Amino acid sequence: KAGVTQTPRYLIKTRGQQVTLSCSPISGHRSVSWYQQTPGQGLQFLFEYFSETQRNKGNFPGRFSGRQFSNSRSEMNVSTLELGDSALYLCASSLVYRGGIDTEAFFGQGTRLTVV
Amino acid sequence: EDKVVQSPLSLVVHEGDTVTLNCSYEVTNFRSLLWYKQEKKAPTFLFMLTSSGIEKKSGRLSSILDKKELFSILNITATQTGDSAIYLCAVGGGGATNKLIFGTGTLLAVQP
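Chain order of the listed sequences is A and B.
Each residue of the first sequence is one higher than the one before, starting from 1 at the first, in my numbering.
Each residue of the second sequence is one higher than the one before, starting from 1 at the first, in my numbering.
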C-alpha cells in the first residue's frame, strides 16, 4: 500500500512569508503527527491530529498551526517565517493508540524548508 | 521534563565490526520505545519495544529494553556500508497520544 506522502519536497521562502505543507497518511491511519528536524535539535514534536482535532501540541510558537481534514489528510502552516524555521518537516501517520495497544509511526519523505 | 538521550553521538567503524548504540530515557507514563533508521529523509521503522528483557531481532539487528534501568540498546553485527545512517531512538508515552519523544540520534559511518 502507498506510504506517507508529503508535498512539496522542497521550498524556499523569504522571511515574513507564510507556508503551507501537506501530508497524506497511509490509508486507514487516522492519526497524523508533525515533527521539525534540525541539526542541532533533532526531531521535535509539533502537533498531532486525530479525527480533525488537535490531540497534542509541542512547545512551538503560535505561528505554527495545523489542521486535519475528514479524509485524514493534514496540513501545517507556518506564518511570518523566520530564518530559524529552516528545517526538515516530517509527517508521521499511525493507527490510533487505543489503551494497551501501541503502534509504530510511519514517516513521509519530509519537506525541506529553507527561509532566506 | 521528558527526555531521551542517545550515545554515542557519532561512531565510525569498519565493515564486519559489531556496534552497540545506547538510548536512555525519562518519560512520564512510558508506553513504548522505538528505533528508527534515517538514511536520507524518511526515518524507517526498525523495532518497537514494550516489555523488559525480550530481545527483538531482524537479521543482523537486535534490540532489548530494560524498563527498570530506563534504557535500550540496539546492536548491529557484521556491519556493512549500507548500515551507515542516523539511528534514532524514540519513546511514546503520556496517555492517549501518538506523540513520540526523540533522542538526537547516533550517526553511524561504516567504512569499507
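Don't take every hint at face value.
[Claimed, not checked] Subject to a maximum C-alpha distance of 30 Å in a straight line, what follows is the list of computed DSS-like cross-link-like pairs (lysine-lysine): (1) B/Lys68 / B/Lys41; (2) A/Lys13 / B/Lys56; (3) B/Lys68 / A/Lys13; (4) A/Lys57 / B/Lys40; (5) B/Lys57 / B/Lys40; (6) B/Lys40 / B/Lys3; (7) A/Lys13 / B/Lys40; (8) B/Lys3 / B/Lys37; (9) B/Lys3 / A/Lys57; (10) A/Lys57 / B/Lys57; (11) A/Lys57 / B/Lys68; (12) B/Lys67 / B/Lys56; (13) B/Lys37 / A/Lys57; (14) B/Lys3 / B/Lys57; (15) B/Lys56 / B/Lys40.
Please keep in mind that the hints were generated in silico from the structure rather than gathered at the bench.
Here the structure is a predicted model, which is why all the values come from computation and not from measurement.
Tested hints:
1. Only pairs whose Cα atoms come within 30 Å are accepted, and B/Lys68 paired with B/Lys41 is rejected, the gap being roughly 33 Å.
2. For the hint pairing A/Lys13 with B/Lys56, the CA-to-CA distance comes to about 44 Å; that exceeds 30 Å, so the pair is violated.
3. With a CA separation close to 47 Å, the supplied pair B/Lys68 and A/Lys13 exceeds the 30 Å bound.
4. Between the alpha carbons of A/Lys57 and B/Lys40 the distance comes to roughly 26 Å, so the proposed pair stays at or under 30 Å and holds.
5. Annotation: proposed proximity of B/Lys57 to B/Lys40 holds, straight-line Cα distance about 24 Å (limit 30 Å).
6. The straight-line distance between the Cα atoms of B/Lys40 and B/Lys3 is roughly 25 Å, inside the 30 Å bound, and the hint therefore holds.
7. At most 30 Å may separate the alpha-carbon atoms for a hinted pair to count; A/Lys13 and B/Lys40 meet this at roughly 22 Å.
8. For the hint linking B/Lys3 to B/Lys37, the alpha-carbon distance of about 19 Å falls within 30 Å, and the restraint holds.
9. Distance hint between B/Lys3 and A/Lys57 is fulfilled; the C-alpha atoms sit about 16 Å from each other, no more than 30 Å.
10. With a CA separation close to 33 Å, the supplied pair A/Lys57 and B/Lys57 exceeds the 30 Å bound.
11. Straight-line distance between C-alpha atoms of A/Lys57 and B/Lys68 comes to about 29 Å, which keeps the hinted pair within the 30 Å bound.
12. For the suggested pair B/Lys67 and B/Lys56, the alpha carbons sit about 15 Å apart, so the restraint of at most 30 Å is met.
13. Using a Cα cut-off of 30 Å, the hinted pair B/Lys37 and A/Lys57 holds, with the two alpha carbons roughly 25 Å apart.
14. A C-alpha spacing of about 26 Å is found between B/Lys3 and B/Lys57, which places the hinted pair at or below 30 Å, so the restraint holds.
15. Of the supplied pair hints, the one linking B/Lys56 and B/Lys40 holds, its CA atoms being roughly 25 Å apart against a limit of 30 Å.
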